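Join these two chains into a complex; the hints should help.
Given next are the chains, with one letter for each unit.
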Amino acid sequence: MMKRKGKYKKVMERGTERLLSASGAVTGIVILFIVIFLFREGIGLFRSPDVEKGYALYLNTKNPVEQLTPYEIKQIFDSEITSWDQLGGPNKAIRPYRVDDIFKEYPEEEWGDHYELLSGKLEEVIKSDPNIIAFLPQRYAPPVGADIKELPAKNITIAGFFGGKEWLPTATPSPLFGALPLISGTLLVSFLAILIAVPLSLGVAIFLSELATKKTRQVLKPVIELLAGIPSVVYGFFGLVVLSPAIQKIFHLPVGETALTGGMILAIMAMPTIISVAEDALDNTPRALKEASLALGATKWQTICKVVFPYASSGIVAAMVLGIGRAIGETMAVLMVTGNAAVMPVTPFESVRTIPATIAAELGEAPAGGAHYQALFLLGCILFLITTMTTVIAEFVSKK
Amino acid sequence: MIEAKNVNFYYGDFQALRNINMEIGQQTVTALIGPSGCGKSTFLRLFNRMNDLIENTRLEGECVVNDQNIYNRSVDVDELRKEVGMVFQKPNPFPKSIFENVAYGLRVNGNNNKKSVTQRVEESLISAALWDEVKDKLHKSAFELSGGQQQRLCIARALAVSPMVLLMDEPASALDPVSTSKIEELIHRLKTDYTIVIVTHNMQQAARVSDKTAFFMLGELVEYSDTKKMFLNPDKEATQNYITGRFG
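Chains as they are written, first to last, in the working numbering: chain A, 1 to 400; chain B, 1 to 248.
Derived by calculation from the structure, the hints in this document are not laboratory data.
One or more hints might be untrue.
[As the list claims (entries may be wrong)] Partner residues aside, some chain B positions facing chain A, computed with beta carbon under 8 Å:
hint, residue
1, 78
2, 82
3, 92
4, 105
[Unchecked claim] With a Cα cut of at most 30 Å, we get these calculated DSS-like pairs of lysine-lysine:
hint, chain 1, residue 1, chain 2, residue 2
5, A, 306, B, 140
6, A, 300, B, 140
7, A, 127, A, 92
8, B, 96, A, 300
9, A, 306, B, 82
10, B, 137, A, 290
11, A, 306, B, 135
12, A, 290, B, 90
13, B, 90, A, 306
Being a predicted model, the structure only gives us computed values, none of them experimental.
Beta carbons: idealized from backbone N, C-alpha and C, even for Gly.
Excised from the complex, chain B in its bound form (with noise of 0.2 Å):
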């Protein structure tokens, strides 16, 4: 489904992913675990080529998705982003009005039906546990929500155009523990409709959410495997040491 083959990645001069091979299976949550700078967060951002924003950055190697190379020179980046939703680390919801940031995705993608759109944001609230609480004040501005709220709804956002890959970046970093908690039990809820992809800093939310885990170092991909094989008997001494918090 997703897959990283030979992939190699720069920063002007500076080697950020080495010689990465990595596949990801449909509907499952993998984790991708390590300390900071270690390049997880740049190997998320190829997927939806949110990379191709860095200005003087280079890759090598494929990235595929739904059997395409994406970095082929006909893929659509927009048509992409689609497919491949994305949940940023701190909540950034745009300065408009709980109903219009849901909206966003659908309207932009050319959905004008006054109809399909309004259930459509029901929906996509609905799935990312929210509807509930903003039913009512659905033309208050986004900013009237709590962060963990804030989070939620960048999540319906990425829902609305129905991708089939979330990636999420640190989702719950920027929350308090009730609000992560809640991102969690969403996370585990999304998983029978979408292949996750998320990266934490937080070993505990990995062991709790994710199906797979992977872990990086200095730009390599030093293990990946079940996580439950991953937090009990690791097969590398680093990941041992990392997970133990010796080090990171």
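With the rest of the complex left out, here is chain A (with noise of 0.2 Å):
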């Protein structure tokens, strides 16, 4: 009986183990297959052409301009750009030209029921006039020759998406991913909660584990903990309705959506992760080092800061960084909040839009596959790496 019994427990026990092993195994692997897919699709982006797919754009062979990049496009056809001797050709007015310009100008039946006749007549409209610049699907293009010309496709280069100061993923002809404005609006939000959260959370830590009487502690501590476990989209909603409009009427805002509104509320949510750690951190600190620094005389703060400060700074600097990692990743209290602007923010009293809130706003509407879509899991990797490199960071800290 003992020997069948002992047993039963060993095959259990074996069978537990290389359960959990495999369980192990097969996290590892889903989150390396979630990185190569994130990567994967992300570095596409510097494969999509930087015109829309299956579409071009034609010059009369006359005119000396031979290649355009996707902002110099993009104004051309804003009419923010309206003369060829600014892109070094001659002084003449541009005509930007679309494949619906024809069905405007001419009747029907001069391209045809089927369009069977609207290469021909493009080719009839760029060739009289040397000054034009004709966005046009490659099925009907005209035939490109002594009087035509094709710009030359480019692909997006990495120089346009990280250096690009313009997100308009859904320009025609020409879509622009500057992540600039984005990357900066997300590093302000993060920059801006860290700045009002760390102070703040360094303190109340420091009350709780040096000043706070057990009692208060035993109350306090876990209602900060609580804390940390309010959905974030009530966060956002309390930004929404609370904060925004009473920094609109402080600073006299036109909108109370800002990255300032933004940050606060990060710094809100950061706050209970930072001091819960950062008090643990504190805490560490060995009563006797505490005790022989009080017996020589010191007071209270200069033990604090002589010794239990330097003691847990590993500790708090991992804080930190676990704080900022929250704050860089959050998404949805940062969507309600911010407005959504993506330009390149001056202050911290502007409309920002961050990386999470345009995957999470954007990505919907991209249709998979595409450059819109590629540069939505481009702004991912970019994450990704931020709060990898945060993680990093605070290993290796506290380690030290």
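Here it is in structure tokens:
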């Protein structure tokens, strides 16, 4: 009987071990798969053409302009650039042309019921005007030759993505994927959050670990830890209804949804984490060291500054980095209170848009596999790298 | 010089000291002995108000140092602790350099004069019989020292602020015999300049280092007399039993 029970136990234990190692392996593989997927989709952006797929730009060969950047194309079609001399050509007005224009300008007979004459008609139009720039579907494109040239197709560049200041992913003919406003928006909001959260959290942590009585700590600490569990959308709601009107009023702004509002909401959200981890670190200072310091005639504050703080410094830094990680990755609350304007922020009192908010807001509208979709994935990669970096720093510092 | 008058001390509802009256003379070494939990450490920690750090404690009676009740409201605790230094059971150097450990007390008391700090650190390390061993590595971490050296460093650290009284809470209990004898020699030499009160579990140590001995049991001061008399011819039977190892 005893023997059988022992054997059964052994089999159970071995089974449990196998199960645990298998689940570990599966988790690892899934995470790896996600990362690979993220990067594969994201990097694909740089293989996408910088004008819409299936379309191209056509010029009259008399026009000396040989290539245009996506930003210049956008400006031409938005009538922000109106003369070819701004692009190295003659001092002549630009005539942007879309395929729709032909339908307006000529009767149906001239381009045919089934568009069979469209290509010839387009050829005629481009030939006749050296200042035209036509954005046309390649299917109906006029023959390229002595009179008509096609602007060479280029891929979206890394510099264009990381250096571009315009995020207009749905613009035609040339969508603009400049991630700089989004990256700087994310960094600005996170920076503001840290600026607000770190001093406040450290103050509370010091109070809890060094000054508060046991009873206060026993009540306050669980309450603070409870705050970390409130869903972010609830914080966002609070920000939208309370904080944002307050900021609008206090600073006399046209809108209350600003980077500062986002920073404050994030600070409130990150504080419980920072407080809790920092308090643990401070609390871990050996009693013997504190007593040694006090016994030498040091005051409470001298002891906190000269003994407790240095001893807990690595834990405090880890707490800060964890808070930063939370702030950078936060989506919902920020989406609700920052105003979502993808422009380069100059002051904290302007609307900004963060990377996670952009992904959340736009992924539903981006056709799968398209440049916009890939650009959002690439943003995800950037976010992933930023948060990974903060985690690595936290690991490194807390080990030290 | 040091005096306890009708001292009762409570941890919550538990009474740790019962009506203690005791006078300790200047420049003597007084040993406090007794079984674990008898209140001797609690009694020692009264004199630099270290018990203040423990929540929910209460004191009745007076503790007098330099003709002043140190539990009087007008007493500045930080100033008191400069006068009454303490060495703890386990060596507890700061995670700093040897030099900075000794200089700590000077710095927190506002002495930032580099020359005078350096001089005082050297004097203290010499007094604690550690100078020769550490003079070439003053800026190395204190944790590079052995346990016995660390404890002497802690003594040097306490001496640096020039206290009048030195409280020692089982200073050698965590050390090997060689280090212990070094600490004991040190106590002998320090006696000429400081009033020393030492808690010890080690009867031989009490006999070797102290001039007077106080025997505590269950929160009461059972007997207090010259060490010689205490160990050769104690008045009370309990003392006799404890010293001869029948309990404790």
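Comparing the hints with the structure gives:
1. Using the Cβ-Cβ criterion of 8 Å, the hint placing residue 78 of chain B at the interface with chain A is satisfied: the shortest such distance is roughly 5 Å.
2. Evaluation of the residue 82 of chain B hint against chain A yields a held restraint, the C-beta minimum of about 4 Å falling below 8 Å.
3. Interface hint at residue 92 of chain B: satisfied, since its Cβ lies 4 Å from the closest Cβ of chain A, which is below the 8 Å cut-off.
4. With a least beta-carbon distance of about 4 Å to chain A, the hint placing residue 105 of chain B at the interface is held under the 8 Å criterion.
5. Restraint check: the Cα-Cα separation between residue 306 of chain A and residue 140 of chain B comes to about 18 Å, which is no more than 30 Å; the hinted pair holds.
6. For the proposed pair residue 300 of chain A and residue 140 of chain B, the alpha carbon gap of about 27 Å is at most 30 Å, so the pair holds.
7. Of the supplied pair hints, the one linking residue 127 of chain A and residue 92 of chain A holds, its CA atoms being roughly 16 Å apart against a limit of 30 Å.
8. Distance hint between residue 96 of chain B and residue 300 of chain A is fulfilled; the C-alpha atoms sit about 19 Å from each other, no more than 30 Å.
9. For the hint linking residue 306 of chain A to residue 82 of chain B, the alpha-carbon distance of about 17 Å falls within 30 Å, and the restraint holds.
10. Between residue 137 of chain B and residue 290 of chain A the alpha-carbon distance is near 25 Å, which keeps this suggested pair within the 30 Å criterion.
11. Only pairs whose Cα atoms come within 30 Å are accepted, and residue 306 of chain A paired with residue 135 of chain B is accepted, the gap being roughly 24 Å.
12. At most 30 Å may separate the alpha-carbon atoms for a hinted pair to count; residue 290 of chain A and residue 90 of chain B meet this at roughly 13 Å.
13. At roughly 21 Å between alpha-carbon atoms, residue 90 of chain B and residue 306 of chain A fall within 30 Å of each other, so this suggested pair holds.
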